[in-house]
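Residue numbers (our numbering), protein chains in the order written: chain B, 176 to 396; chain L, 176 to 396; chain G, -4 to 239; chain P, 148 to 353; chain R, 148 to 353.
One or more of the hints may lead you astray.
Below 27 Å or equal to it, Euclidean Cα-Cα: the simulated DSSO-like pairs (lysine-lysine) are [claimed, not checked]:
#1 P:Lys254 x B:Lys188
#2 P:Lys254 x B:Lys177
#3 R:Lys254 x L:Lys177
#4 R:Lys254 x R:Lys324
#5 B:Lys177 x B:Lys188
#6 R:Lys254 x L:Lys188
#7 G:Lys80 x G:Lys149
#8 P:Lys324 x P:Lys254
#9 L:Lys188 x L:Lys177
Since the hints were made in silico from the structure, they are not lab data.
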Amino acid sequence: MKAFFSLIARDLKLAARQGSAVALSLCFFVIVIVLFPLGVGPEMTVLARIAPGVLWVAALLACLLTLDRIFQADYEDGSLDQLVIGPLPLSFLVLAKVIAHWLTSVLPLIIIAPVLALSLNLASDGVIAVTFALLIGSPTLSLIGAVGAALTMGMRRGGVLLSLLVLPLYIPVLIFGVAAVEAAVAMLPMAPHLLLLGGMSLGALVVGPLAAGAALRLALE
Amino acid sequence: MKAFFSLIARDLKLAARQGSAVALSLCFFVIVIVLFPLGVGPEMTVLARIAPGVLWVAALLACLLTLDRIFQADYEDGSLDQLVIGPLPLSFLVLAKVIAHWLTSVLPLIIIAPVLALSLNLASDGVIAVTFALLIGSPTLSLIGAVGAALTMGMRRGGVLLSLLVLPLYIPVLIFGVAAVEAAVAMLPMAPHLLLLGGMSLGALVVGPLAAGAALRLALE
Amino acid sequence: MAIDLHKYANPRRFLAITSAIYPWSLALTVILLAAGLYTGLFVAPPDYQQGETVRIMFVHVPAAWMGLMIYTFMAVASAVGLIWKHPVADLSAKAAAPIGACFTFLSLVTGSLWGEPMWGTWWVWDARLTSMLILLFLYLGYIALWQSFDDPSKASKAAAILALVGVINVPIIKFSVDWWNTLHQPASVATMSGPKIYSSILTPLLIMGLAYTAFFVTLLIIRVRAEILARRLRILQLSELQER
Amino acid sequence: MSLSAENVTCLRGDRLVFRDISFDLAGGQALWVRGRNGAGKSTLLRIAARLLRPQAGRFFWNRTDITEDDEPYHGQYHYIGHQEVLKPVLTVAENLSFWAEFHGQGKASLEQAIEGFELGALRDTPAGLLSAGQKKRTNLARLLASPAPLWILDEPLSALDTHFIDLFRARLSEHLKAGGLALYATHQDLGIDGSQELDLDAGGGA
Amino acid sequence: MSLSAENVTCLRGDRLVFRDISFDLAGGQALWVRGRNGAGKSTLLRIAARLLRPQAGRFFWNRTDITEDDEPYHGQYHYIGHQEVLKPVLTVAENLSFWAEFHGQGKASLEQAIEGFELGALRDTPAGLLSAGQKKRTNLARLLASPAPLWILDEPLSALDTHFIDLFRARLSEHLKAGGLALYATHQDLGIDGSQELDLDAGGGA
Ligand code: HEM
Ligand SMILES: Nc1ncnc2c1ncn2[C@@H]1O[C@H](COP(=O)(O)OP(=O)(O)OP(=O)(O)O)[C@@H](O)[C@H]1O
Ligand SMILES: Nc1ncnc2c1ncn2[C@@H]1O[C@H](COP(=O)(O)OP(=O)(O)OP(=O)(O)O)[C@@H](O)[C@H]1O
Ligand SMILES: [Mg+2]
Ligand SMILES: [Mg+2]
């Protein structure tokens, strides 16, 4: 357990010290959302219409982009070798890394999402919905992403393969996430969608670390 | 001159061998454009309305993401030290790297853009316009991007800073690029917009390599 | 301006000259600010459409001007610093950036405060507003770049490169309203054909503009002097280190 | 404690790196793995650290077969490879204290590691600013930051100056005296008393 | 040909690495830069390769001052640092031939480099698969892939086995005999006749 928490603590410290992980995904998220109105034009109705989609797509992409950081840096400088031969079972190792990833790369997006949603002229029910939906759905993104990251680690065409592997698995999250927001905007109940998102997160919590652990062992040999 | 072309040739060979650069930006571009209809919903009119914006934003982001590759890999393995003390003047060195970047990371997007534009239900005039606008405007993206990449090379918060520095400079390209497409769709002349884009590319061709060369020398010291 | 800076860029002379100017610019700031606020808030008539909210203009418009002007100033100072290697030019660019960022931020905030009564929303993504936001990003990038280097002489060169490349955005921001039809007002004071508004509004506006400029000069002097002293301290420390 | 290998054979890609390597190492002993460049020293050490799987052969830890199930071997060794395993933005002390904690150790062993490799003056230097030899020492200090009976060391001397080579030799001797085991590959003779030698050159190399 | 330095002083961060270093090197001579870990050897070599700027001091190439304007010095030297400068996906031959071409050389000098460091058997191996010593040799082979009068070498021996140390010494002697210059930092004595020594330990180190 001490190893588990010390690993999370180290990753958080590294993120704070280097800054790049936290800020990169956040910055990317904000940039996408700032660029959209510029590209699409300022009409309020159009913006409000596409806002849930833009927010979710931006969050998905921001997450996708930071996935390779889960293991890559440790792999390159040899730390991963040392982590793997250490006392922590592989799936806990993955879990610790995923938690650190979610805290540094995903949580900041969720915190800033309401402001961006408002600026896109989303109705206030939608703003709340998008925040909740992200909170409940996004752990799936990190967990599934870790499997992809472990599978493609150290590979030559890693980046691409990672996107191709992970993306199809992200689509359900996108669809239910957007559905939840649109339901809220249309004053329909959004609980069913949120429950589904939660269910996916729980499933991913069980499957993700195991699969990613196995993939890690493979990739290192 | 031999040094110049051998550097371009090497970068192209590396890209072909590793694949990741070409495919990553391409893959990202396609993914953004595929995700959009999923997030926004399949209504043709909405899609056609936002298509020019989505295409340009996706191209901008794809380019932004590959920028750090211009110098980072060579910096990390020590090649950049060797390149800098070699026979090529710094601004030509930058130019060679930018050309390789554009060929491997931007040109593929432009080639596939018409297909994606059609899939977003853009009018055929718009499809032609978007291809031309990208062809004329995108060198600016690589050239300005190189300045940002050189300025942030080897920095701790490099990735984020790079986006923050480069993004504001990309906005004019985005605006005129979208304007060109929308003009074409509305049957208005798009030549003025294209001329402006071309002018920017020429300006960037002069300023970019000089500024990036100066930045490189700074970063290496 | 470039020539002037060039001539007075020697730090010692700069310190001497600025200590002479400083009290005057401080006094000017206070007087102009008082005059501008008085004429703006009490003398100028309320607008027949906008009512009393029009008075936000006297804060908003000069702040927007300053945001644009200070970035231009930074670019010029950077060029001087790069070409003639004058340390004071670099330092003034560095010192001006946060001030410019504050003015830009002020214009954004007052603009949105004004937008709520006028357009019924705090924020729209029109060209003028967005480009002002982008200007804020430019300032932030510039400041972040300064902070990313440990070595000030490197930082000043890197930041100068950025300021010079970034200055192309200033005209785009200035003319964005003329080039695209947007919600926001087109320029009516600083236009090619001269001002187009009544003098009862124009006068306080111009006074406020001057007041902001004086304020900027005052702040700039304070900050550059602090920078020069800090750098001297560092040089002292380093030479002490070499002695050891 | 003991580590033994029986007829270990390794292929990498299509290339036979070495075949039928055996050794038997008891507590207090060291094994010097020698060989030309490319002979397969690093490969053998990575196999011993279970970071690579051999094509054939068996491994025993304390006479228990660990070829398939390495449970008893887990956490019994340290591996120092060619890579420095340092995070450039963390200081020397932060880097080491993470590894100490990760292996369940506290402050005390951190201090021991810093003293053991004379890193006191560098403790608050970010690892990215260290010189080559300073990095190497920090990496070696992981050996003391958490105790483990077996040390697997791939070229531990490279980049060290003569003073620190002596220092390292002293640390290694202490470890052996306390009953530890070591497996090391160097091009230079370390001169550890009673260390066995394993020469891979019989098997080739390029 | 000659390279000389006068009173070179270097600060990194706020740390004085060394001060008032001077040397004078003529064609056919080598300078062995010695010093403890952290003494500043790599720093001095990077300064000589114009990859770092010193705080103070002057450099002369062929008696011309190159402190400000290094035009005459450009392309006159090779620098081999700690990093391997290899692209893992390119083969040994491809890596070397790029550097040969970049410096305007053709096939002939590539062959010379490959032979000179006995890389023939590895020519089509991707650099990513090489062992540590093989990487080092490929990196050193850049010295022969394009000619330059001055060689600046930072720990050229690390990871090499005794055979290749001898081979490298032979290449260096040939270079010096042909009138070349060399500046090298090693912890081990290379035993080059008539090489000067520059000991940085007077200035400190940690
Ligand atoms: C966040 C929102 C806003 C931003 C970023 C913004 C930005 C600017 C900028 C940059 C200028 C300088 C124009 C120049 O020098 O050419 C300006 C001027 C001006 N703004 Fe705004 N503005 C905002 C909101 C508003 C609102 C809501 C109004 C009122 C309807 C308004 C009215 C004006 C007026 C009247 C001028 C003076 C134009 C002139 O005469 O030159 N602005 N604003
Ligand atoms: N992944 C791989 N695929 C194929 N061959 C490999 C691979 N990795 C290493 N080799 C080859 O295996 C051989 C042994 O490599 P190893 O790194 O074990 O050598 P070494 O004895 O440590 O040499 P050095 O003294 O140079 O460090 C080398 O010839 C190398 O080219
Ligand atoms: N960027 C930097 N900022 C501050 N200090 C630095 C920086 N880079 C190196 N140093 C310090 O400068 C000193 C000299 O480093 P250098 O790499 O030149 O040593 P070296 O003689 O090559 O040592 P080694 O034998 O270990 O390679 C070291 O103490 C190092 O910690
Ligand atoms: Mg080895
Ligand atoms: Mg060194």
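We went through each hint and held it up to the structure:
Taking the CA atoms of lysine 254 of chain P and lysine 188 of chain B, the gap is near 18 Å; set against the 27 Å cutoff, the hint holds. Annotation: proposed proximity of lysine 254 of chain P to lysine 177 of chain B holds, straight-line Cα distance about 14 Å (limit 27 Å). The hinted pair formed by lysine 254 of chain R and lysine 177 of chain L meets the criterion: a straight-line CA distance of about 14 Å does not exceed 27 Å. Pair hint lysine 254 of chain R plus lysine 324 of chain R holds up; C-alpha atoms about 24 Å apart against a cutoff of 27 Å.
With a C-alpha separation of about 16 Å, the suggested pairing of lysine 177 of chain B with lysine 188 of chain B holds against the 27 Å cut-off. Note on lysine 254 of chain R and lysine 188 of chain L: the hinted pairing holds, with a Cα-Cα distance of about 18 Å set against a maximum of 27 Å. Pair hint lysine 80 of chain G plus lysine 149 of chain G holds up; C-alpha atoms about 12 Å apart against a cutoff of 27 Å. For the given pair, lysine 324 of chain P sits about 24 Å from lysine 254 of chain P by alpha-carbon distance, which is consistent with the 27 Å threshold.
With a C-alpha separation of about 16 Å, the suggested pair lysine 188 of chain L and lysine 177 of chain L falls inside the 27 Å cut-off, and the hint holds.
The structure meets every hint from the earlier list without exception.
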